[in-house]
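Going down the list, the protein sequences come from chains W and R. The numbers in my numbering rise by one with no breaks, and the one at position 198 of the first sequence is 198. The numbers in my numbering rise by one with no breaks, and the one at position 140 of the second sequence is 140.
To be clear, the hints were calculated from the coordinates, so they are not data collected in a lab. There may be inaccurate statements among the hints.
In silico SDA-like pairs for lysine to any residue, Cα to Cα no more than 20 Å straight-line [claimed, not checked]:
#, chain 1, residue 1, chain 2, residue 2
1, W, K277, R, H63
2, W, K119, R, W302
3, W, K277, R, S338
4, W, K241, R, R195
5, W, K241, R, W302
If the Cβ cut is set under 7 Å, some of the chain R residues that face chain W in the computed set are [stated by the list, open to error]:
#, residue
6, L37
7, A39
8, A41
9, R48
10, D50
11, W53
12, A54
13, V174
14, S186
15, Q187
16, L198
17, R304
18, L348
Every residue gets a Cβ at the ideal spot worked out from N, C-alpha and C, and that includes glycine.
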Amino acid sequence: MTSPTPNSVDETFELLRNGNYVADRSLATALYLSLSLSRPLFVEGEAGVGKTELAKVLAQTLNRKLLRLQCYEGLDVASAVYEWNYTRQMVEIRLSEAAGDRDRGTLEEDIFSEKFLIKRPLLQALEPSHDGPPVLLIDELDRTDEPFEAYLLEILSDFQITIPEVGTVSATEPPIVIITSNRTREIHDALKRRCYYHWIDYPDAARELEILTVKAPEVSSTLSQQIVGFVQALRETDLFKLPGIAETIDWAHALVQLNCLALDPETINNTLGALLKYQDDIAKIQGSEASRILTEVKAELAAHRA
Amino acid sequence: MQENASNGGLTVNIMYFVRTLRAAGLPIGPGRLLEALRAVATVGLASREDFYWALHAVLVNRHDQRELFDQAFHIFWRNPKFLERMMSLILPSFGADEPQENPEELSRRIAEAIAADELDESPNSREDKFEYDAAMTWGTNEVLQKKDFENMSADEVSAARAAIKRMRMPISTVPTRRYRPRDVGSQVDMRATLRAALRNGGDIIPLKCRVKDKRHPPIVVLCDISGSMDRYARMMLHFLHTMTNDRDRVHTFLFGTRLTNVTRYLRYKDIDVSLNKISDIVKDWSGGTRIGTCLHDFNRFWSRRVLGQGALVLLITDGLDRDSGEGLAKEMDRLHRSSRRLIWLNPLLRYDLFEPKSRGIKAMMPYVDEFKPIHNLESLIELAEIVGGNGLHSNSSMTNWRERAA
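The shape of chain W in the complex, shown without the other chains:
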């Protein structure tokens, strides 16, 4: 069964919450706008702050099909939009030749009909579905090149695709479009202008703790407070790549696997690889810096409790 889209910012907030996604008010507002006015939502943010997760949760809570287009350099129409089934077309030509029953005009019409069309995510997203319009996730748009970005303009503003041999395909109901970018290059304004924009920041301590409770319920509350305190402190330091929420959750899982009940310097040193992904960063934090941060975090938590 399809679920209706939310009717207010509060409902949007609740919807995400039901899907175990702890959003802040600003994201809920942007998402609500995008849902109710049928415009794509363009989400930017550092790696691991839950951009892709947003689309997944949305598809799941609204009971919609999730169509995911992972972008990469050289992504072209054939793998993003549609492709003809050449083998079958060839066979069809040979068959009609053997039978000698068709003239050129009808053969051409036959060969380029929907029967031979292989639909890729963008075209699939425009198809009517009994579950309601699907969620289309265009992931890491910054990885592809400018020509593809330009191709998206028609789709995102009018929700239609032109196939030269068939004509224009347009969506009866526009899909829910989420576009993510890691900002490894600047996306052109023409595309952003067609979307609502949202920048997902690293969460503050309270929200990160909430996220951790939802995503890793098996972690004890003392441990998760320490984890969040430590990660928040790390984000204040001068690292090449700051840990995202995804890393926090990974780390929490890792610590549970190791039967760790509270953070201690040695465990941190051994598991730092779950949190930091650059050797320079690990070298900087490992050892004395880690234990210094840990002492501070513990002191702060104790002061908080008292």
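We have chain W; now place chain R onto it with these hints.
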């Protein structure tokens, strides 16, 4: 229309707000204003926070515009008599130590945008702004000099321009993952083949081919503008301007004691406009150099954004570092590892007896792929060739340099 009539006041206010943002430099067209009205109508006015984020979703589309929007929003919507607040933003706050100068500068943009509407107050605020600039000058120990490009000698300018005009940059290319149709090639283009087959009735199937498309890689230029580099940096700017206007994906950064991204300013077709804008924005002309710090900033804040697609990096500096190479090797290593090719252009190579013995130079040498002079027009022309070539032939000279620096 009816809706507009019923909340006419709000519509007009949103319009003024959009105009304020536009004056502050956010690129917002009339279409976006209509979008903003629709968004506000959808979200409703029940909560100030929702109102904020609704406008934010429509009017902001780059991360760095957030600060500007935030300030404009709070000034504009909290207090319609925003003038007093504006004044407090313009006046320097004595005593309070504010380490970030960026938000301050941005506030000035907002303040100016708002002040532009208040004609009677504008001379006053302009004076204040002037004082503020002066305060910033004393605050730091770098030479915050405004560079006058008029001082370039006429000969120098004309010679440089003539040479740069004559330069045709051969565009080096690298294969991409995209294909283009070609009559002869290694891969069959099925789509074109089928189409061609049907054109002659399906009796003959002419093979159509495709080959990998080629494209030039992005170029990132890091140019030193400290005192010792002064003469060359000015000439380089002409060159960089030509290069920026000649092709896409050229990013330019200037550094002395701090790093400034000037890519946008070099995009003006008129070189004089570009140079004027740059001299306005760059505050550390002809000061000292802190290569390590600047490269650190570049690596941390820009490398992921501009080096993502296999960029060619031109590093233009004499390698004379005020911090005597401290932390430089590490940053060079990272820069080298995240770029396709790192080319160091050093004007000191004009001396025949140049030996790579200074600490900064020693720290940098192991990490560069090519080490070339950049001190006269001839070497500028040569640079065009380096950028154009594939760089595979010059490894022997590089080994030589590395040995001498070791």
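Structure-based check of each hint:
1. W:K277 x R:H63: Measuring from Cα to Cα gives roughly 24 Å; hence the hint is violated.
2. W:K119 x R:W302: 38 Å, violated
3. W:K277 x R:S338: 15 Å, holds
4. W:K241 x R:R195: 49 Å, violated
5. W:K241 x R:W302: Distance ~12 Å between K241 of chain W and W302 of chain R Cα, so the pair holds.
6. L37: 12 Å, violated
7. A39: Result: holds, 5 Å to nearest chain W Cβ.
8. A41: 10 Å, violated
9. R48: 11 Å, violated
10. D50: Holds. Min distance 5 Å.
11. W53: The hint holds - W53 of chain R has a Cβ within 7 Å of chain W, the shortest such distance being about 4 Å.
12. A54: 6 Å, holds
13. V174: Given a least distance of 11 Å, the restraint on V174 of chain R is violated.
14. S186: 16 Å, violated
15. Q187: 13 Å, violated
16. L198: 5 Å, holds
17. R304: 6 Å, holds
18. L348: At 30 Å from the nearest chain W Cβ, L348 of chain R fails the 7 Å test, so the hint is violated.
Comparing the model with each numbered hint stated earlier shows that hints 1, 2, 4, 6, 8, 9, 13, 14, 15 and 18 do not hold.
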